[in-house]
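Enquirer: The lines below spell out each chain.
2 protein chains.
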Amino acid sequence: MATLIAPPNHSPQEDAESLNKAFQGWGTDERSVIAILGHRNVHQRQQIRRAYEEIFHEDLVKRLESEIRGDFEKAVYRWILEPADRDAVLANVAIRNGMNYHIIVEISCVLSPEELLAVRRAYLNRYKRSLEEDVAAHTSGHLRQLLLGLVTAYRYIGDEINAKLAQSEAEILHEAVKEKKGSQEEAIRVLSTRSKTQLIATFNRYREIHGTSITKKLLDEASDEFQKALYTAIRCINDHVKYYEKVVRNAIKKVGTDEDALTRVVVSRAEKDLKVISEVYYKRNSVLLEHAVAKETSGDYKHFLLTLLGKQE
Amino acid sequence: MATLIAPPNHSPQEDAESLNKAFQGWGTDERSVIAILGHRNVHQRQQIRRAYEEIFHEDLVKRLESEIRGDFEKAVYRWILEPADRDAVLANVAIRNGMNYHIIVEISCVLSPEELLAVRRAYLNRYKRSLEEDVAAHTSGHLRQLLLGLVTAYRYIGDEINAKLAQSEAEILHEAVKEKKGSQEEAIRVLSTRSKTQLIATFNRYREIHGTSITKKLLDEASDEFQKALYTAIRCINDHVKYYEKVVRNAIKKVGTDEDALTRVVVSRAEKDLKVISEVYYKRNSVLLEHAVAKETSGDYKHFLLTLLGKQE
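If you read the sequences in order, they're chains A and B.
Here the first sequence stands for residues 931 to 1243, numbered as in this note's numbering.
Here the second sequence stands for residues 931 to 1243, numbered as in this note's numbering.
Simulated from the structure, these hints should not be mistaken for laboratory data.
Incorrect hints may appear among the rest.
For identical chains, the list gives no copy identity; a pair is met inside one copy or between any two copies.
Said to hold, decoys possible - Below, computed lysine-lysine pairings styled on BS3-like, alpha-carbon distance capped at 27 Å:
1. Lys1058 to Lys1225
2. Lys1094 to Lys1058
3. Lys1058 to Lys1126
4. Lys1232 to Lys1205
5. Lys1213 to Lys1146
6. Lys1213 to Lys1147
7. Lys1213 to Lys1172
Using the sequences and the accompanying hints, generate a full structural model.
Expert: Here it is in structure tokens:
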């Protein structure tokens, strides 16, 4: 369930002209930018980009970059891109910023197999290198193996569950949590090749055997980056809504607010399941997500996020 | 340059009816089967399959399986499949037959990035498991890492070469040849993520530095399966025509002939570059490939291979 409110009928030409008008004169009319782009779905936004190019012979994305600033600019920039292209940018920024591998794991484990392929294709088009090439160049050891396994995965989508496999592979994961020598490679194999349905059965089996969830265990015991990446991967595969809720919660809680994380979740999920994430957030925190966002952000950035969160004026 | 001779105009309906006629009565009219299917391109063969299904409410592939036998059946079966589906079958057979990893390497390193993705998609559709899942389940250690890296690669296609990188990565490969501890993972990274153009520059740099090609070096020194897979990967990336020539040469030379390998190359390349492979074969062996094939095979199988090799009656 999306939070985005987009009218079914819009004229890309009129939108392009309104945007161009918003750019005229001293300063930019940010409210108009938000009123238009904050209420258009992915298809409509691409139509507007094309219409803008045709009418004004100018790239709308470039124009926006010169018109607006700061967190607001970043959010609008990410929002206006097609999802696969946006994720390619997020992945590249994550790699360049000291290899924030959690974002790589998130993209690899939350997306569907075909969506993930689309991101790899977009990355290649944009950076003339493959995503796995850049990931591999910035990592080593088991962390590298895990990230490469996840990023290049093309999982089976199906409901079949092999209970025996779930049992034996729950033990493989347990050994990796316990850092038993040689167990990491088997855990990587399991996490990067099995279908999500099968993996969820394995996580459930783990809880039955060990009386606690594997993520709880990892949260308590994770001792290195490999285990932390394992933790994120399992959370994203097991229940990405709960995962995103926590990302948003931590972003808001952080002194000074982690705008990048907040933007990432809102922009990536507004057209997908931000409503569900928002509900889980409310259940967990007894505060409406839009109130928390409104409290921690300001100006056009705040206004834009609230618009994507479906809060009408 | 293909060897296949296919007429531009054919009627899928007439072909389907002729095939059905060839199946009637005692025995099968194999000559007709060859005369039709041995002269149809991939698109035409799929049209015939559809037409056959529509007219006779029967799967042509299944019917063929019950009509013909042995190496001839295998060759026709592989030929009638779409290339990605055929490679999925070849990969699966290779995994089941004691993990013939050279075929996995061949598929991964010869195909274009999009072709390889198509094979992974076909594998998933056919076997309800991912290709990498099956590869990982049957291998371990560095061999597994290398095969997974190659099979899941989505390389950049472009002509840019980074000469500095070629230099430093030639040394990484050299360390892996020398089995220096820890060098294998870096060699895997290089081989599974760099563009083919970049890798060829790296192989060339290797020859300049060490006075001999890396494949020659590996051929002399390869001590385990990992190094043998490395050897095959480098050959397939560097010059797949020369690689295929050798596969065919070894298949023919072998006592009893390796029909599976021979069939694989002829069927996979007849619509692509079998003419070039055949020319390289002649240069290397001073024997025409079709003569060698005619000498080592017999019956309908021989007749079918020669047809795909472009030898008209």
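Enquirer: Going through the earlier hints one by one, which of them does the structure break, listed in rising order?
Expert: 1
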